[in-house]
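*Asks:* Each chain is listed here by its residues.
Number of protein chains: 2
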Amino acid sequence: MQFHLNGYEPGDPEISDPAERHDPTGASGNVPQEVDVLIVGCGPAGLTLAAQLSAFPDIKTCIVEQKSGPLLRGQADGIACRTMEMFHAFGFSERVLKEGYWVNETTFWKPDDTQPENIIRSGRVQDVEEGLSEFPHVILNQARVHDFFLEVMRKSPARLKPYYSRRLLDIEPDPASSCVTVRLERLDPAHEGETETVKAHHVVGCDGARSTVRKSIGRALYGDSANHAWGVMDVLAVTDFPDIRLKGLIQSTNQGAIVLIPREGGYLIRIYVELDKLHEDERVANRNITADDLIAATQRVLKPYTFEVKEIAWWSVYEIGQRLCDKFDDVPAEEIGARLPRVFIAGDACHTHSPKAGQGMNVSMQDSFNLGWKLASVLRKRSTPRLLHTYSAERQAIAKELIDFDREWAQMLSASAKSATELNPQEVQTYFVRQGRYTAGTATHYHSSFITGEPAHQHLAKGFVVGTRLHSAPVVRLADAKPVHLGHTLKADGRWRLFAFAGREDPAAANSDVHALCTFLAEAEDSPVKRYTPAGEDIDCVIDVRAVFQQDHRELALEKMPAFLLPQKGRYQLRDYEKVFCADVRGGHDIFTLRGIDRERGCIVVVRPDQYVAHILQLDGHAELARFFDGFMVPGKTDTRGVQMAKTIAVR
Amino acid sequence: MQFHLNGYEPGDPEISDPAERHDPTGASGNVPQEVDVLIVGCGPAGLTLAAQLSAFPDIKTCIVEQKSGPLLRGQADGIACRTMEMFHAFGFSERVLKEGYWVNETTFWKPDDTQPENIIRSGRVQDVEEGLSEFPHVILNQARVHDFFLEVMRKSPARLKPYYSRRLLDIEPDPASSCVTVRLERLDPAHEGETETVKAHHVVGCDGARSTVRKSIGRALYGDSANHAWGVMDVLAVTDFPDIRLKGLIQSTNQGAIVLIPREGGYLIRIYVELDKLHEDERVANRNITADDLIAATQRVLKPYTFEVKEIAWWSVYEIGQRLCDKFDDVPAEEIGARLPRVFIAGDACHTHSPKAGQGMNVSMQDSFNLGWKLASVLRKRSTPRLLHTYSAERQAIAKELIDFDREWAQMLSASAKSATELNPQEVQTYFVRQGRYTAGTATHYHSSFITGEPAHQHLAKGFVVGTRLHSAPVVRLADAKPVHLGHTLKADGRWRLFAFAGREDPAAANSDVHALCTFLAEAEDSPVKRYTPAGEDIDCVIDVRAVFQQDHRELALEKMPAFLLPQKGRYQLRDYEKVFCADVRGGHDIFTLRGIDRERGCIVVVRPDQYVAHILQLDGHAELARFFDGFMVPGKTDTRGVQMAKTIAVR
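Note that the protein sequences, when read in sequence, are chains A and C. Going by this note's numbering, the first sequence opens with residue 1, and the numbers climb by one from there. Going by this note's numbering, the second sequence opens with residue 1, and the numbers climb by one from there.
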């Protein structure tokens, strides 16, 4: 898709009239007086959480935002492969693929040895290593990502819309309940200054680096002082720089460095350009830096190439600072055993860093994707409330890694901090390649806990590393012979998945391990499926069980499959034919080979609702499987909340 | 995507609330009094044409429909590979891929020799041969296809919406002009019986088998009498028939035949079931056939399998009849040299046939896709008006092939017309496979004419057959190293495309054939690009020139490319970086190998706005290229219509 040729216009580029490209309206009226979850902030973290919770009409969610409407330009733009996998779970990856710029290769430029005032190309690498993800690394305006989440919310069962023009005043514990009371100030002209009060079971602060929610729970960001200024701008420009449509890391001798990010639509470019080092305690705001300064700095770095800016769609100046909060909820470490979190923080409220590694938006969304299913599961009484403690435990560790990575990366790119002779472009390139998995978002590895098993059986599926996201691979769906990605069965619907990878045995044999597992799951008293599926609901509504066989799909007979793998669902008890898969043997490397699955013995792979591998077990490890779920699940027989919430909704 | 589990609901399945899944509103107020094109009928043919014309705000288009709103259920559902290619040109193929059922394999069932009252599987084939198209054969409710076209229209520069509840009364030539006068009767309750009069340069009848437009020009359908009844139904059912999620052709001994089409969403099924042969002059409407009759007939064919219908989303009974109109416009063959067509017919108004080959909707859309760019090109004064004669010439021949194919296919499937011993399932299967290209829609081959050259240079690109649709292949875009399909540059924007496939020469050499071609196109007096591009418009707005090189993209230097391949466009004169491609050498078979392009000499491939190969020429065939375009193009210097129309729109 090509667009922005005649100037940057926000919103959906498929709509011809720019005036109709975005929907500025939020929810009307006052915010509800009582909610389960109040989300503060409509950035990537807030919208990911809202979109996740909007899947559950029995959870009352409210999202508020200080700005008067949706974001239209600027901010983050890098979408890591891992984030694309999550977008697929939310159902809009194909739109990002269509509209976004694909980062296929990255080029490196350095000062020309013979003419050090000029730059020359020093290297060119594939941006993402082969097979790391089925999705590419994509660049798209953060505003469009917001749009897609807002659309998910609008279309969802809960039909969520943000309440704009709300400023958070304070959060106080409610003495009469386990809730908190939140006061909001309306900023919209018609109601300016009016105060709204919301009682919430949980508040999630996705309100950015200066988070009021964070302050309200007495937490702060700790880390380096910010004393290095960078400029960022989205521009339409004419240039003879040949790599203008490739991601580029460009280092000049004395004029600083540039990170060049081609953008969606074929014409727009993002430039990060290094500005002067700040004096101690100096703030970049006091420098009176203008857009012209950014353009001039860019032109100096790009010499001998010309760079003529025709339009600046957005620009900003920021200081690099790597700062981190030590805990992401309101429970002090020493009180974890005593009480449950009521207030959480996510995204920039927990960690700030430079934007150039393209990590900020991605990590923020993964924060709240981690939190969303946990909140939903506890509020719907499907999991023990102590599940909520795992959010800070898991995500704070990841943020720590991010901060460390970003500090190293930012220092490396700050060429002007070094003399020309110290510059080492090869070092930059080597580091870039080595950190590829990290920047792709696929290196995230959660430690063992009661929701992430010990990797005792990791050898049964070496490529599905316990604690990392399920690395998808191609398979063929038995019933309709469709080639699909196994990972694309993982939807953002709060369900657990259990994949049974069959061993070499005859799948039709009634005494096979897969049949035995199905019998256990369908009939045994301690079957987690039986135990945790609420009466009257579909058999796969809590734990979605699927099987993968090694044989070519034409060698298998659907009619010989256990009935448990062809479950009857819904008011008509129709059969679901999408539970059984076969290896895709056409390419030579099927999923068993690609992911190192033991072909003799097979295995069970348990996947969390956020797509992370929770456990690997032997196919006959029935008792261990039961114990794992018993560690945090709550029997589904008394699903009164769902009923009660449904009634509440009907009455509203 | 899974949906319809608890009952069929029309509209967008991604919207949770069924009540909000479709937009029933059309245009409000009266139809315009004067238009360029009046389209009668909102079926696939009418909407394809409306979507095509909606790309041009300088053309005044109006589309009317007798029904009171958009289609919600039933009708056609087969989407051929070729149609998916066209959907990509309209920008919604990814949505059809996501939502539709993919026909991967087809199974064949026949009477069991040992128990002739039962059926057994007799064969299984891949539905579409490998490499025939980059798109699969897809099944999706016609109503959803309508929705996507309506969305294209809404978002388009012309912002078209249908006028519903309009019945065509008559069409009369306007004595004072080259227009016709059309009278419409309003059927909406608030305006019932009111008459509207529209003056139109052209009327296109997409108003179905009983077309009033066709009758108004004194044409009729000729062909076989319909004396064989079939039933069709969309159902939610529970069955133990194992191939229920595969397309199936099922023949019983004495109980007739079934064509089974799995549908989108994982649960819905379409069944075509053979009913009794009608007596001469008997109409199926007189048989009082009920849905229960269809179910009972299906159950009889499927024995020994059970088939319990839980919900019927839609059903109908129809008679097979292959009928064809001898000409698709209002100009008698003997008057072609004397006058121009004012009235056209497309789709079922021109040809009727049985639906089981899945051809009807596809051929109808290709009809009006063929007509759309021609109308636009003539109305915008870019082509000679005699271009309009080629519509009937090209499409009537294709319809004739369709009718012949369908007659043969329908007879073959009418098992009950033969005795059990005459049944030949192998014959059915063999025929099915042989006709694969035909049913995929890729066999369409237009004869030579002034818009389709003689294939004198066909040997330079054996796989781009002149007169057939451009068979896409993977390439890599030079500027951003993105792997793309070359055919996906073909948008439904009315533009011609010229692909220069380079020979083995050094692409950077200033004396290469590609450089010489670019110099000719950019500078020569007789360059079709220079001659037919209106002054002040982008250089690629009439003929979009792109180049494909044999080298790996890392071996080519963008900065050595002719400036003509990096054109500067728009108000800022930004460079368009998407004109140059390289062979995708990773897979072993690049586009030069896949499409049999002469690697020594290269060639020029000219592609029509409807994606058909118009001509193959030598890279240095400049004069021949100029002559080809001179045969039908009109110099662009006097593009007064565009200006005039723009003014009209501004005043409205």
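FYI, nobody ran anything at the bench for these hints, they're computed from the structure. Some hints could be false.
According to the in silico footprint, chain C covers these stretches of chain A (three or more CB under 8 Å from chain C) [as the list claims (entries may be wrong)]:
hint	segment
1	7-17
2	197-210
3	249-261
4	479-491
5	547-558
The calculated lysine-lysine pairs, modelled on DSS-like cross-linking and capped at a C-alpha distance of 25 Å, are [what the hints assert, rightly or not]:
hint	chain 1	residue 1	chain 2	residue 2
6	A	LYS491	C	LYS98
7	A	LYS161	C	LYS155
8	A	LYS161	A	LYS560
9	C	LYS303	A	LYS98
10	C	LYS569	A	LYS155
11	C	LYS491	C	LYS569
12	A	LYS155	C	LYS215
13	C	LYS303	A	LYS560
14	C	LYS199	C	LYS215
15	C	LYS215	A	LYS98
Heads up, the beta-carbon is just placed ideally off N, CA and C, and yes, glycines get one too.
*Asks:* Each hint needs a verdict: does it hold in this structure or not?
*Replies:* Comparing the hints with the structure gives:
Requiring three or more residues with a Cβ within less than 8 Å of a Cβ of chain C, the coverage given for the segment 7-17 of chain A holds, as 6 such residues are present. Only residues whose C-beta sits within less than 8 Å of a C-beta in chain C count toward coverage, and the segment 197-210 of chain A has 0 of them, not enough to reach three; the restraint is violated. Counting residues of the segment 249-261 of chain A whose CB falls under 8 Å from any CB of chain C gives 0; the rule of at least 3 is not met. Counting residues of the segment 479-491 of chain A whose CB lies closer than 8 Å to any CB of chain C gives 5, so the stated coverage by that chain holds, three being the minimum.
Figure legend: the segment 547-558 of chain A, annotated as covered by chain C; annotation consistent (3 residues with Cβ-Cβ distances under 8 Å, at least 3 required). Proximity of LYS491 of chain A to LYS98 of chain C is assessed by CA-CA distance (about 14 Å); at most 25 Å being required, the pair is judged to hold. In summary, the hint linking LYS161 of chain A to LYS155 of chain C is supported, as the alpha carbons are separated by about 23 Å, within the 25 Å threshold. For a cut-off of 25 Å, the pair hint linking LYS161 of chain A to LYS560 of chain A is broken: about 47 Å separates their Cα positions.
Taking the CA atoms of LYS303 of chain C and LYS98 of chain A, the gap is near 46 Å; set against the 25 Å cutoff, the hint is violated. A hinted pair counts as satisfied when its Cα atoms are at most 25 Å apart, and LYS569 of chain C with LYS155 of chain A does not qualify at roughly 38 Å. Taken as a hint, the LYS491 of chain C and LYS569 of chain C pair is honoured in the structure, with Cα atoms around 18 Å apart against an allowance of 25 Å. The hinted pair formed by LYS155 of chain A and LYS215 of chain C fails the criterion: a straight-line CA distance of about 45 Å is larger than 25 Å.
In summary, the hint linking LYS303 of chain C to LYS560 of chain A is supported, as the alpha carbons are separated by about 19 Å, within the 25 Å threshold. Simply put, LYS199 of chain C and LYS215 of chain C have alpha-carbon atoms about 19 Å apart, close enough for the 25 Å limit, and the pair holds. This hinted pair does not check out: LYS215 of chain C and LYS98 of chain A have alpha carbons roughly 44 Å apart, beyond 25 Å.
Comparing the model with each earlier hint shows violations of hints 2, 3, 8, 9, 10, 12 and 15; every other hint is respected.
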